[in-house]
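Number of protein chains: 4
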Amino acid sequence: MTDFFKDISPLSYDPDSTGLGFRHYNPDEVIAGKRMEDHLRFAVAYWHSFAWPGGDPFGGQTFDRPWFGETMDLARLKADVAFEMFELLNVPFFCWHDVDIRPEGDSFSESQRNFEEIVDYLIGKMENSKTKLLWGTANLFSHRRFMSGAATNPDPEIFAWSAATVKNCMDATHKMGGQNYVLWGGREGYETLLNTDLKRERQQAGRFLQMAVEYKHKIGFKGAILVEPKPQEPSKHQYDYDVATVYGFLKEFGLENEVQMNIEQGHAILAGHSFEHELALASSLGIFGSIDMNRNDYQSGWDTDQFPNNVPEVALAYYEVLKAGGFTTGGTNFDAKLRRQSLDPVDLVAAHAGAMDVCARGFKAAAAMLEDGTLEKMRAERYAGWDAGDGKALLESDFASIAAQVVADGINPQPRSGRQEILENIVNRFV
Amino acid sequence: MTDFFKDISPLSYDPDSTGLGFRHYNPDEVIAGKRMEDHLRFAVAYWHSFAWPGGDPFGGQTFDRPWFGETMDLARLKADVAFEMFELLNVPFFCWHDVDIRPEGDSFSESQRNFEEIVDYLIGKMENSKTKLLWGTANLFSHRRFMSGAATNPDPEIFAWSAATVKNCMDATHKMGGQNYVLWGGREGYETLLNTDLKRERQQAGRFLQMAVEYKHKIGFKGAILVEPKPQEPSKHQYDYDVATVYGFLKEFGLENEVQMNIEQGHAILAGHSFEHELALASSLGIFGSIDMNRNDYQSGWDTDQFPNNVPEVALAYYEVLKAGGFTTGGTNFDAKLRRQSLDPVDLVAAHAGAMDVCARGFKAAAAMLEDGTLEKMRAERYAGWDAGDGKALLESDFASIAAQVVADGINPQPRSGRQEILENIVNRFV
Amino acid sequence: MTDFFKDISPLSYDPDSTGLGFRHYNPDEVIAGKRMEDHLRFAVAYWHSFAWPGGDPFGGQTFDRPWFGETMDLARLKADVAFEMFELLNVPFFCWHDVDIRPEGDSFSESQRNFEEIVDYLIGKMENSKTKLLWGTANLFSHRRFMSGAATNPDPEIFAWSAATVKNCMDATHKMGGQNYVLWGGREGYETLLNTDLKRERQQAGRFLQMAVEYKHKIGFKGAILVEPKPQEPSKHQYDYDVATVYGFLKEFGLENEVQMNIEQGHAILAGHSFEHELALASSLGIFGSIDMNRNDYQSGWDTDQFPNNVPEVALAYYEVLKAGGFTTGGTNFDAKLRRQSLDPVDLVAAHAGAMDVCARGFKAAAAMLEDGTLEKMRAERYAGWDAGDGKALLESDFASIAAQVVADGINPQPRSGRQEILENIVNRFV
Amino acid sequence: MTDFFKDISPLSYDPDSTGLGFRHYNPDEVIAGKRMEDHLRFAVAYWHSFAWPGGDPFGGQTFDRPWFGETMDLARLKADVAFEMFELLNVPFFCWHDVDIRPEGDSFSESQRNFEEIVDYLIGKMENSKTKLLWGTANLFSHRRFMSGAATNPDPEIFAWSAATVKNCMDATHKMGGQNYVLWGGREGYETLLNTDLKRERQQAGRFLQMAVEYKHKIGFKGAILVEPKPQEPSKHQYDYDVATVYGFLKEFGLENEVQMNIEQGHAILAGHSFEHELALASSLGIFGSIDMNRNDYQSGWDTDQFPNNVPEVALAYYEVLKAGGFTTGGTNFDAKLRRQSLDPVDLVAAHAGAMDVCARGFKAAAAMLEDGTLEKMRAERYAGWDAGDGKALLESDFASIAAQVVADGINPQPRSGRQEILENIVNRFV
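Residue numbers (the UniProt record's numbering), protein chains in the order written: chain A, 1 to 431; chain B, 1 to 431; chain C, 1 to 431; chain D, 1 to 431.
Same shape as in the complex, but just chain A (with noise of 0.2 Å):
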């Protein structure tokens, strides 16, 4: 044991805490048929919680972690700490890049040695947990040879380069049991056009996603391949900007039956969306995969990537989740970060746990509204003119005989209440 969370103990349920307790949060509870802890499938980022060192556009490091450089020693404590705070929110996944995990070498094969060496370690750490891998990725946008790309770089090396390490990403995935393998294109999109070929670095982009999806084939990978949208920063322009673009993405590449959504809150926000519509979008199209429930300060523009907070938007977000059906291979990752005055450990045991509270609320909000059923009525009464008479045939007819339709009846149709304010008044019962 290191003596990092040295006054911190195991988190539990207890409904009136003032301290890290759960009031809400309770993984045996039955909600729905299953258990909190098997919908809500939470997950804790290595990435923000343990290797993010606070700085921002215009300052630098402010948290002092003792694990922090570039030796195998100290990505061995870094690992110890993790799975110390896993079992202390006693979380069922966590999700890493290649970069957190392991320091970077001095060449491509320097680095997969380290990284094959620490996913060993983890691997024998998950032995001794509770805690199992939701998803795997690569980082390939921080390092200064992914500045202009990865798969979409100008220079076919680096497309090389990126192609081998998720490789690599994709192997230890499989290896530790992971149940999804994500990929996030920070960098495959422009800063500016002048200097861009959209229509090859499109199609880079496009070969590279049949590669990894041949190769979960070729391997046996029996989880998800997920994109992760994002429309811009670090980029100007992303290629994978929404849920809709990467749909449109798919279906070029012919890959809409191979690769579902992870959809962070955040990033739908920058993109001009509502979380729960990027989440119902995917339902609709059947690519919905996962989510990474943090949130985005609506008034900052760029990815603040704060957790969760606010009861009555998740629970509009699991609402849709589980008419998606729930997860199945997905999860709740918490792609968030500690704000950068939140020194102490404590803040980040606080942080995952009021964020798994609020999720827990949110989602027992969102299942008794499904329960209850008046939501999901009302819509389908809106819509019954579809199911029945004329308006049932009428997808199958075309523009002449409407038309002459029309006329001969003389309809002259009346709008209805669409009633917003009424079923905002029963979310709110609920929330």
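Since the hints were derived computationally from the structure, they do not count as laboratory data. Hints are supplied without guarantee of correctness; some may be wrong.
Stated by the list, open to error - Derived SDA-like pairs (lysine to any residue); straight-line CA-CA distance at most 20 Å: (1) C/K175 with C/E214; (2) A/K199 with B/A380; (3) B/K6 with D/R416; (4) C/K132 with C/H174; (5) A/K199 with B/R379; (6) A/K222 with A/G177; (7) A/K392 with B/R200; (8) A/K34 with A/K323; (9) B/K199 with A/G373; (10) D/K251 with C/Q203; (11) A/K251 with B/G286; (12) C/K251 with D/R202; (13) B/K199 with A/D387; (14) C/K251 with D/N257; (15) A/K323 with A/L375; (16) C/K125 with C/K175; (17) B/K34 with B/R361; (18) C/K199 with D/G326; (19) B/K199 with A/N257; (20) B/K199 with A/A388.
Computed from a predicted structure; not experimentally measured.
Following the hints, position chains B, C and D against chain A.
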């Protein structure tokens, strides 16, 4: 002749003009192998220029036009004035919605009769005019019956009404020799997800668009079917969010070879994109059609529909149009509103004249940049690694082979300058 | 009695209500030493609830109210229905603009006569009602004469018209026992700086506000004069951008002790601030007055004027109101529009009822947080260094002395955790 | 001579240049009665151009400069290269933060010694150079000790550290003959209101600024004290939000005659204003000082700090500068970062050269517009009603008298065209 523009003479090319004359737009001047008029294909939007009363969400009508009102006589007067302005400006095209040109009737049939009569009147005007129809479209968003959508309405009768309306508008467009037919789905979206069946509504929209394409072929209309993307306003969310979203939608419904894009600068901005991004993307996907060259205030979150006035921005847009091969059936429509304080007839003429001049300058700069070739040469060099040697074969390979090669070769790719500022300086030599 | 709300009974407190009853708002319940009604001081906005036709920039009227039209009979019918709703909701206050309550006349004098007559009619209604006037205000933005501003118009005649209008509205407010008089400068700004003399317009606005204050004292009106900040829309830029801007304006014209703020959540958002920021700032500057508790969609760049529905957000606002000492003359006005699809009378009642309940929940949470005291204790501890020892004297010192001390003492201050997530968790215990 | 710019020759005016030469900036050309160099007063920002490593929130250093590191030798090398670039560009000014020019020491005293030594080194460089100091400033935001603010920190020791730092920077600026001293409060604001005593922090900031003014007078510094507004980033909210906010702050602390504004285009944009708005407002309030001529991407919500490249926008800014009487102590600083992919020395030179040319074109257009006089003539005519007759006396009147007059005269003011498009066309004749 009406006396609306009584003090205004036809505009002509005069490089030294300090009044209404064109300082830059010279229709007969040959640039890049074609007359400017044939490149730019300017169109006046009937609705904003002749039907819009000047209201905003906090105030009503400011314009006081002698043709305002819902009678056939006034509709004819409006048409007379419109064609007088087309002649003053010497524009080759105009565009309409059904409701701009005809008075609303008490029933579908009466509106249809009004419409057919005024279409014939306009055809008569066109016979004595050089001005042709760039496109027609149906207004399926202003009347209260469309408050919950047209094709995507929960009420199938409104789908039927909309289908009949589009049929009539397509017939009229065909009869008038229109070069395109446009669909803009201002209410094809939602105000709240709580009352919306997103999947069903997208299916309705997809089928509606298929019907439009089927009807085009049925009547032998040779123009293009264009969809105009916009992210929001009036709806909270509209299904035709941006070019990438519409592309996915077209792929889903098998329409990607049948439908092209009418891209508006203001809508691009509202979706978080630059205008040139949307143009370049549509071109790379093979769905570029036409443009609405009206800018949006970058700092207002709604559609400000202003006449273009920034030459450098316009130049980058036409650069993409030229790289896409220029317009075929498409053109440059000004879907632009006078500011509501610009009350006088001269304001209306000056706004169009200034916009045409801005476009002419931007277009000439774009043509010169393309002829100069430096930008395209630098772009090609940046990607040259993909055109030969290992780069050329890379996209045919697979992760495992690539990874083996990366290790075997010990590659260590180094970043190269993206040259953004130098490229921007080059552009500034031409604008 | 009209029959507009014929199927709706007066609302009462019923914690188990699944219909229109209040689940949380119990006017007589004593919280923090006062009845909830006396804390919250709810007001209905006459304009949105009874005069707004439901249009938006892309569509016209959707509501079809029997009192729409410009006659005195219809104005009285509108007043009758309004007071029926006030009674259904049991609200203690309402608010008006002149143009909401009276028909427009053909001249200033005729409008004035209409206005005086309807003011007397409303006074008659108030004699049989508990509902009082929270504030009156003049609409100096809708009519085309105000298109270039009211007090800031380039035409002095429009300044005069505006002054005369505000005088009449102040007289009426005084006569009706109104508790405040509000000025919102929707057109006091500009569309383009190119035609604007910003310095002159600000002088006109400053003098106009001074005249309002002088007139208040002249007639012995004891209520507060409130200015309502908003950054833009309808203007491109409005001079009363936000609380900080108005404070500078008040200081410039010597009005900081005479004028307070009416702060709207939606306007705060549009100015880039949180609502609680604007409240806290106004309080710290001694100019807090009243609130408009209608939210804005964070993702729409215009005024969406929606009824509040997010309890945690509302709680943070009332927390600042309570810390400011609560309302004196001010109150909670709903300057909120029904969604334009919410056509039915029940939608109007439900929207207000839901909003009142959301406010009641938020207020109770705020009161509990303040009573609990943890937040304020932690805030005080954070700044404790300033209250004793060297810290206490520091602000009386000077750069040279401080610099000498820093060197002499070899100070090396260390950052301390800001505890953001823990504070957010505390808030979540109460909301 | 270092060899950093070894292949680059000093830039000169060459209207036909297709390389690094100035096509428009001719320092000795007399425009509006003064040499262009004396009008524009260009300054290079030491920090972005020589100290910034190229990182962004998702990636680290991309630039690889031989002077990176924290030693005195490297600091001198950096200074040598900087002055070589000043000479290549022939710029009359530069600007610094303390931390840009000196290595960080282990204590305040050691940093101070480093700073004093390098200040002397720079003074030596300046003796052999035409380049003077436009302004100095202290970096009170990057180091972790400032994470919760400098003057507004909850810890008085950090206030003291900050005061001592500014004292040293003012001393150095004075010693180097600097023409201004700038304060930018990047961390003077908050991340969350929950842990913030807004009133107390504003008092600390006000007193700090008073101390700076007192110290200026004490040491006899004749330059201007400038505050640079910015709304957010790095903080969630910064107290110096925009010009209007800072004006209220100055009035509150009695500093409106002592402090002027350093206005940045990018910061204006982030606050929701146009650059020319902020300039016109500062001028009208008598607090205009200097500018940072670096643009922001309108579609990125963070500080993109790009070199200016849009001539029409720059022209409108210089038009306001000229109307304000031009610069006195102020100048045109490029607080602009190279794009992080622009790795080569030539990119650094080209970015500045392009920016200087864009400013020169914009400035010449602004001067021509002012000389032409049409814009100012039309503006004056618009307000002419206020300069004579009833209009002239109106502001001296009162509500009661005005209202009586409105009724007596039966005035019925009519709106007049605002001429926006015509004004925009006029501008386009010059840009």
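Checked hints:
1. C/K175 with C/E214: Holds. C/K175 to C/E214 sits at ~17 Å (cutoff 20 Å).
2. A/K199 with B/A380: holds (13 Å)
3. B/K6 with D/R416: holds (19 Å)
4. C/K132 with C/H174: Holds, at roughly 12 Å.
5. A/K199 with B/R379: holds (12 Å)
6. A/K222 with A/G177: holds (9 Å)
7. A/K392 with B/R200: It holds: about 12 Å lies between the C-alpha atoms, which stays within 20 Å.
8. A/K34 with A/K323: Status holds; Cα separation ~15 Å.
9. B/K199 with A/G373: holds (19 Å)
10. D/K251 with C/Q203: holds (17 Å)
11. A/K251 with B/G286: holds (15 Å)
12. C/K251 with D/R202: Since the Cα atoms of C/K251 and D/R202 sit roughly 16 Å apart, the hinted pair holds (cutoff 20 Å).
13. B/K199 with A/D387: Distance ~15 Å between B/K199 and A/D387 Cα, so the pair holds.
14. C/K251 with D/N257: It holds: about 14 Å lies between the C-alpha atoms, which stays within 20 Å.
15. A/K323 with A/L375: holds (12 Å)
16. C/K125 with C/K175: holds (14 Å)
17. B/K34 with B/R361: holds (16 Å)
18. C/K199 with D/G326: OK: C/K199 and D/G326 at ~18 Å, within 20 Å.
19. B/K199 with A/N257: holds (18 Å)
20. B/K199 with A/A388: With Cα atoms ~18 Å apart, B/K199 and A/A388 stay inside 20 Å; holds.
Of the numbered hints stated above, none is contradicted by the structure.
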